[in-house]
Amino acid sequence: MNTPLNSKLLDSSGRRIVVDPVTRIEGHMRCEVNVDENNIIRNAVSTGTMWRGLEVILKGRDPRDAWAFVERICGVCTGCHALTSVRAVEDALGINIPLNAHLIRHLMDKTLNIHDHVVHFYHLHALDWVNPVNALKADPKATSALQQKVSPTHPMSSPGYFRDVQTRIKKFIESGQLGLFANGYWSNPAYKLPPEADLMAVAHYLEALDMQKEIVKIHTIFGGKNPHPNFMVGGVPCAINLDGTGSSGAPVNMTSLNFVLERIREAEAFIKNVYIPDVIAIATLYKDWLHGGGLAASNVLCYGTHTVVPGDKSTDLLPAGAIINGNWDEVHPVDVRDPNEIQEFVDHSWYQYANGAKGLHPWDGETEAKFELGPNFKGTKTNIKELDESAKYSWIKAPRWKGHAMEVGPLARYIVAYASGKEYVQDQVDRSLSAFNQATGMDLGLKQFLPSTLGRTLARALCSELCVDSMLDDWHQLVNNIKNGDTSTANVEKWDPKTWPKEAKGVGTNEAPRGALGHWIKIKDGKIENYQAVVPTTWNGSPRDSEGNIGAFEASLLNTPMERPDEPVEILRTLHSFDPCLACSTHVMSEDGQELTNVKIR
Amino acid sequence: MNEKQVLILGIGNILWADEGFGVRCVESLNQDYAFPDNVKMVDGGTQGIYLVQHVQEADVLVVFDAIDYGLPPGTLKKIYNEDVPKFMGAKQMSLHQTGFQEVLAMAEFTGNYPADLLLVGCQPVELEDFGGSLRPEVKAQVKPAIDIALAYLAQFGVEPTRQAGQARALSPGQLNLSDYERGRPDEASACRTGDIRVIAGATSAPKGTD
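Note that the protein sequences, when read in sequence, are chains A and B. If you count the first sequence from 1, position 514 lands on 514 in my numbering, and the numbers rise without skipping. If you count the second sequence from 1, position 154 lands on 154 in my numbering, and the numbers rise without skipping.
Honestly, I wouldn't trust all of these hints.
As the list claims (entries may be wrong) - Straight-line Cα separation of at most 20 Å, DMTMM-like style, residue types lysine to aspartate or glutamate; simulated pairs:
1. K524(A) to D186(B)
2. K527(A) to E187(B)
3. K527(A) to D186(B)
4. K59(A) to D147(B)
5. K505(A) to D486(A)
Rather than coming from a laboratory, the hints here were simulated on the basis of the structure.
All chains should be built: construct the whole structure from the sequences, respecting the hints.
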């Protein structure tokens, strides 16, 4: 059954369920759905309940400083905001960065993506699929056999190892402390893994914790520190001296580069031996749960990322493009500068535009609040029980590409890359599908398998593999370039504002872990005049637009059956697959063990 | 040598007025004192569970943060050991505290949990001022908070030396307190409320108050 993608086609007559908050850090998020008599979701309303405007803190500041501020906007996308910001400024001022800086930024960016994806899957999203309490029932021998089956090359697979992990889980749960696993919906039949798989997944939760702390050290080498690595307009803020030592003031030398290579190789082993096999194993065990595709089956957008030849977007490993109406045979080019392509609408957002404008390109973006609730809202203005989605209902604007609602993120990147004929990506995806079909005895086609909640989660893992494989290329290219005598890391020709035009505007784009990220800047007299960011969660979490087109979060929930509407495992599972923010956990407790997520059925 | 590893961590969001208390404490500490190698200072921002490896490495953990204790604004409070995660969870006024409570739980699950914990919290005056800085009452508590931490660390043999001017910044220089305050857009050109938290249901839940 095709997902209805327009509000006119939605049925909001059934019981209303409110989940609030769904996320915790990158602004609040609330979700309301209507379920029919069979507990199938027939209407979904996603709303951002918090607003933050970048221009509010950046206006009048030095454009070269913007990256440091945007790192603080969000607790999650620090590095990708910083990178996108320096790109926007460099674009505005016409600065080309040296090859070493290009490669080092790649290594930083890919590190961030891998780190983010691994932590998302194991530490935030896994508990939507994995039941740690059930892991206590596992026979460690069966887990060992499963481990050797799904990943024969992974060394940590003995029954004794899994027995130790099981003991640790038992101790942790029995200590009754405020834990990671307290008060989950552990008796809900939506959890379908056998105990041995649950135990394997919890063991990997711990292994992933060890892995993430190692890979992030790459940020410390090139960015000076972690968290909050340093960035710089014109290049990277680190000096290169191959023969130097750490103490000579040159952080990048052969010793530190070899250290980076070791971290890349560790990550490679983890992604290939643990992460991807785990995702495929979970997909196999949830083979009947192919919900959650929503908008991904129709409209996806990618700005393009991992450019191999500096300045040549045609060499992007994951190319830019837009696909609409599910037609993978046609990938449309995307121009982030064209005022008629990317526009933000506010018909259902708590803003108003001057002069009755409908959609505005980010360079001309306006942020004037207008809070008003529709006639059918329930509750009071300060305690809303139910929103009225026929009127304004969110603090998130509705970005559209040529009027179309678009899904962004790893799945969007992978669909665009696959449809664009990128062989590396096609090979990854085809191998995954064939492993799934072989294990399940099913014969799913790509368009049935990939646009789904599990497909989104798989795309994140495959993205990590692409990152780690290409980091090895970046590393070798960097070392060769330095050995050939190029130690330049920054272009400072236009560092001095006296060299700048009186007015300039630029755009920086990136594919953040969560999807297409753009920063649009206007500079006047050496200062920031306007600064607008359209972040991935704005695309995916957007409310409806003038035409009634629904956003990716809303679309992804439609037609999903719920086992128990008062335990919204399915809603959280799908929304979390977008990685809407870092701590998008519902498993967070207050002191008395009270579940902080508020689920109300009306 | 079995020297204890010490982590001094400031958390919070500097963009939201008094929420920046923790980060400003480590900034100030780093400017005025030099520590031996077994002591690490970190500006943790709102990094949530990304801070877990720093916590796992620590035998002694000192955290600075703005905390809602229901005390008069600007009041300092010391919380020790097992009460730290409880406090982080009980009175969540800010999103980053959810993340930090989870960090502590994760560290505990892995078996690498600090033996000694101190949370130095300050009751905020104002949080709803996007782009704003510490209020005078809270700013005045930065030095006393540092003194509390230093007295606590002395029992573990940690003896910093006074210095004038930091050796190495913890945060980008653009964000240091004085530049941050000086560069702020004026009120007429930039709305300062920023976060208009109108959906009460959404704000009360993370705060855990009702």
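Structure-based check of all given hints:
no.: 1; hint: K524(A) to D186(B); in the structure: holds, 17 Å
no.: 2; hint: K527(A) to E187(B); in the structure: holds, 17 Å
no.: 3; hint: K527(A) to D186(B); in the structure: holds, 14 Å
no.: 4; hint: K59(A) to D147(B); in the structure: violated, 37 Å
no.: 5; hint: K505(A) to D486(A); in the structure: violated, 31 Å
Violation of the numbered hints given earlier is confined to hints 4 and 5; the remaining hints are satisfied by the structure.
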